[in-house]
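Engineer: Sequence lines, in order, name chains C and F.
For the first sequence, counting from 1, position 2 maps to 2 in our numbering; every step adds exactly one.
For the second sequence, counting from 1, position 106 maps to 369 in our numbering; every step adds exactly one.
Don't take each hint at face value.
What the hints assert, rightly or not - Just the calculated beta-carbon pair ranges, DEER-fashion:
hint, chain 1, residue 1, chain 2, residue 2, range
1, F, K354, C, D45, 46 to 52 angstroms
2, C, A143, F, L329, 53 to 59 angstroms
3, F, K396, C, L57, 47 to 53 angstroms
Keep in mind that the hints were calculated from the coordinates and are not lab data.
C-beta: ideal position from N, C-alpha, C; glycine also.
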Amino acid sequence: MVAEVARLDLRARRTSLAGYTIGLALYALVIVALYPAFKNSTGLDKIVTESPAIAALFGISGSITSADGWTNANLYANFLPLIVLLLTIGYGAAAVAGEEEAGRLDVVVALPLSRHRILTEKAAAMILQTTIVCVATYVCMLAGRAFDLNLDPWYLAQTTIGVLLLAIGFGFVALAIGAIRGERGPALGITTALAAAAYLLSSLAPVVSWLNPWRVLSPFYWAIGNNQLTRGLGWDGALVLIGITAAAFAAAVVSFERHDLRG
Amino acid sequence: MEPVVEARGLTKRYGNVRGVENLDFTVAAGEIFGFLGPNGAGKSTTIRTMLDFQRPTDGTVRVLGLDSRFDSVEIHRRTGYVPGDLQLFPKLTGRDHLDAFARARGTVSSSATRLLVDRFHIELDRPVRDLSKGNRQKVGLLLAFMHEPELVILDEPTAGLDPIMQEQFQELLRETIASGRTVFLSSHSLDEVQRVATTVALIRDGRLVVVGTLANLQLRAPVRVSFRFTTPVDPAEFQRLPVVQSARADGTTLNLEVMGSVDAVVKHAARHEVLEIRARPADLEDLFLRYYDLESSGDASAPPIRPADGR
């Protein structure tokens, strides 16, 4: 009886997981391969310095043609978290609430497994899916060394872990909201809104002075909003992200334990 | 011997919405307990509470001597369950389901599984989304029976099964109790329950109306008999017969409710030219109506029944 619930969920998602992984990996390779063509483009940097607010909306600050600036502007500060959050929030909302709405949770809950165990397996399935996507992206970014995109592998790994924790934290929030009433819509909607607000807070904080002090409230700040590619995640960042993730998981366990499964 | 299922004051409300109210019943080992009621009566709510899918608002239910609330994992280990609206993983085949659920359970009888597959001609190698509802239902039966559980809980299990398979299924239930195991069968079909159940509980509007053996309950419901004659016949002729509860003419057709032997009715009808006879056993509604009539008239001649609290 090795994590059958997780295996069932993963089997059902094989195709979409392959899509996420290959898609992001290819995108990362394209970004990496384009770098030599842009790394000396001072015009590009000028756009950013002339309209910092627009750039901030895309999570861009500072030089865009440096190795870390290029990586942030094209992937780590926007596209990567967005896609990985789609995966985790989507799965988080589907894993309990979606399965319940589809009527499939009954046969699973009727197995001799505690609710706690079922939820833990689903959380593990989420972590595994996210890890596969993030590791594939990380490996492709490392390939940048062949294209003069010299990122510090250790800091890149830390930032990737930051994105992973960020996404799983929001995924667990979706899991928890979905397990309150077994409804997928609110789980998707509320969590997506929270993530969008947190993203805007972190990405606009550098250019909107009154927002700046509040950026510490955004998990994005702790994962990608503070030059992690050149400074690393930091113990404080790691602890904040792990804390959010653990709290969201605990909330999900409690709400699933208390939940009346609808017939 | 300890009851297999024992509900005491079991109540489930959803906010102000009724689920079930103050249910008391017991299911003895080796019974096929027919849990009979119209759709929405509270059958699934009761079952879902037994399996700890939902928590009682009040009261308790013990299954195999275990508390539904705190021993649900052990209850799940020793029971098999087919949900009322069975949904499986659409992309996976029957065999995928079988393997996964067997691994999750740990204890599965491969001989029992093989017998079931052969007997019901279960299609194991196609994704369940490509199966008809009946064939999916068979996969569900397999998942409920493969570990030879002490108690099988079936919520409207024959939906979608063709008549031959329904017979096979009823045979399976009889064999299940012959080996000392117990079946809790929820159904809205009186006919289905009549064929297999040893004890029947009637539930309506969330309340248990009566629990009794099938023989006792059946006697209480009239058979509907209708004759079509060549010319109109006066219902009063039939009304005089003691077994006739009611007689109503509709053109040349005469509709009767008969309680007991139809012999006198048939003999009387033979005095006229009969084109057609139809007889239909009591359905669930008749049974309920009849039961309420008896209850309100306090009919002492009614056969003895087990009171609804099962004691």
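Engineer: Please go over all the hints and tell whether each is borne out by the structure.
Structural biologist: Status of each hint after checking the structure:
In this structure the hint that K354/F and D45/C lie 46 to 52 angstroms apart at CB holds, the actual value being about 49 angstroms. A C-beta distance of roughly 57 angstroms is found between A143/C and L329/F, which places it inside the suggested range of 53 to 59 angstroms. The hinted range of 47 to 53 angstroms is satisfied by K396/F and L57/C, whose Cβ atoms lie roughly 51 angstroms apart.
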